[in-house]
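S.K.: In case you want the letters, here they are:
Number of protein chains: 2
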Amino acid sequence: MRYCAIIAYDGTDFFGFQRQKEQRTVQGELEKTLYRLNGKKEVTVHGSGRTDAGVHARGQVIHFDLLHARPVEKLRFALDTQTPDDISVPYLYEVPDDFHCRYQPHEKVYRYYVDLNRSRDPFLRRYAAHFPYELDIEKMKAGAQQLIGTHDFTSFCATGTSVEDKVRTIYDIQIEKDVIKNQLIFTYYGNGFLYKMVRLITGTLLRLGNGRLDDSIEEILERKDQTQVLWAAPPEGLFLEEVKYQK
Amino acid sequence: MRYCAIIAYDGTDFFGFQRQKEQRTVQGELEKTLYRLNGKKEVTVHGSGRTDAGVHARGQVIHFDLLHARPVEKLRFALDTQTPDDISVPYLYEVPDDFHCRYQPHEKVYRYYVDLNRSRDPFLRRYAAHFPYELDIEKMKAGAQQLIGTHDFTSFCATGTSVEDKVRTIYDIQIEKDVIKNQLIFTYYGNGFLYKMVRLITGTLLRLGNGRLDDSIEEILERKDQTQVLWAAPPEGLFLEEVKYQK
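These protein sequence lines are chains A and B, in that order. Counting in the UniProt record's numbering, the first sequence runs from 1 upward without gaps. Counting in the UniProt record's numbering, the second sequence runs from 1 upward without gaps.
The list cannot tell twin chains apart, which means a pair is met if one copy fits it or any two copies do.
Computed list of lysine to aspartate or glutamate pairs in EDC-like fashion (alpha-carbon distance at most 20 Å, straight line):
{"#": "1", "residue 1": "K181", "residue 2": "D86"}
{"#": "2", "residue 1": "K181", "residue 2": "E242"}
{"#": "3", "residue 1": "K177", "residue 2": "E241"}
Simulated from the structure, these hints should not be mistaken for laboratory data.
Extracted from the complex, chain A is given alone in its bound form (with noise of 0.2 Å):
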């Protein structure tokens, strides 16, 4: 029987999504519980994409298989609690055989926090990044719509993955202000992001707001080099919120 869930982490203290030897990872604390709660049988846990160390999501979408079926919430109840603190699992649903969810299409939600307060906030240490400096946000916003759309997002792919296919599609890019916590807070919807994509977009953006961006945001696209010197903004600012698929 295959299951997917909708689970939340804070991301500050694993060494992002993918299971990896030694290091404390997501998949890898999911996959020790549903290893003990399978009767010490492994079960392969797949993500619908990796979040990087430090990055935080409310809304990643995850499947696995059980061999024997299980009532939901009683499994959804054992999976949340069994899970340590930084992790929540509070949807669960049985799903077809063929569902991925990596590989069925999908949109995903990205939001990114910046903390403009000049002393920086300690209840936004861990969930946003600092920019205690000036900010033209019409500029920025400008900057944005210059990357909706279909476009090869090369220039915004940092080194080291072995993705060929660099097109994606952004549907939309909102920049708001939240006056009362004194924060800055984007919103990415995409088909797809590459590695590192949003927090290179949002360190650009950021850098334009400053006045400090010599190239304009479609030079740097249309340059389609990935070896060109952006900022990649901190991981604990970026949460994955949603990840939505077609019917």
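Model the placement of chain B on the given structure of chain A, informed by the hints.
M.R.: Relative to chain A, chain B alone:
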């Protein structure tokens, strides 16, 4: 020269505010930093009150004396950036030599956050108590009304304090639901709070709302009995929001 500062701290990794030998405390960390900034001469930090282990502050007020006057913004910046990441110092002022953050009459505002989600939110686990049970919020609001005003709060004071006068005034208690985060937020306004008083009141109101309180709030209050077994809600949900001094 006397300086007063408004500070914020994430209480998770502190053994409370008050200096303790061989334990990491807020006062201890501030005094360590000031010792370095003050040419390796000891500086005593006074707080408006103590907060317990695990309790947070967004607006704790402290004061301390330095022999030589310093430029205020330079001193604030040094304190803000040289204290550990879980303490921030957003505001610092010069104050008259007779200002005392504890003895000067003041009002305090505390907030208590409750995570109502069935599955504990990993991003709230350090900053809210998890209480995924049914609650009659109107009943809790009615119970809170009975606590507003000037009362002998002996019943809501944990043992282990030497304070004799247990009469305090609560100006208001607000109970609001954040429907997005599925959180319940209590806000307490008063002229001072006894040892664990906010947590004992919050725990009692949660029990009342969950239908598990045998006595009425009025009965508990009138008993003036410190040995009653009341439930203190856990420290991670509690924030010292603000300390207000009369002019």
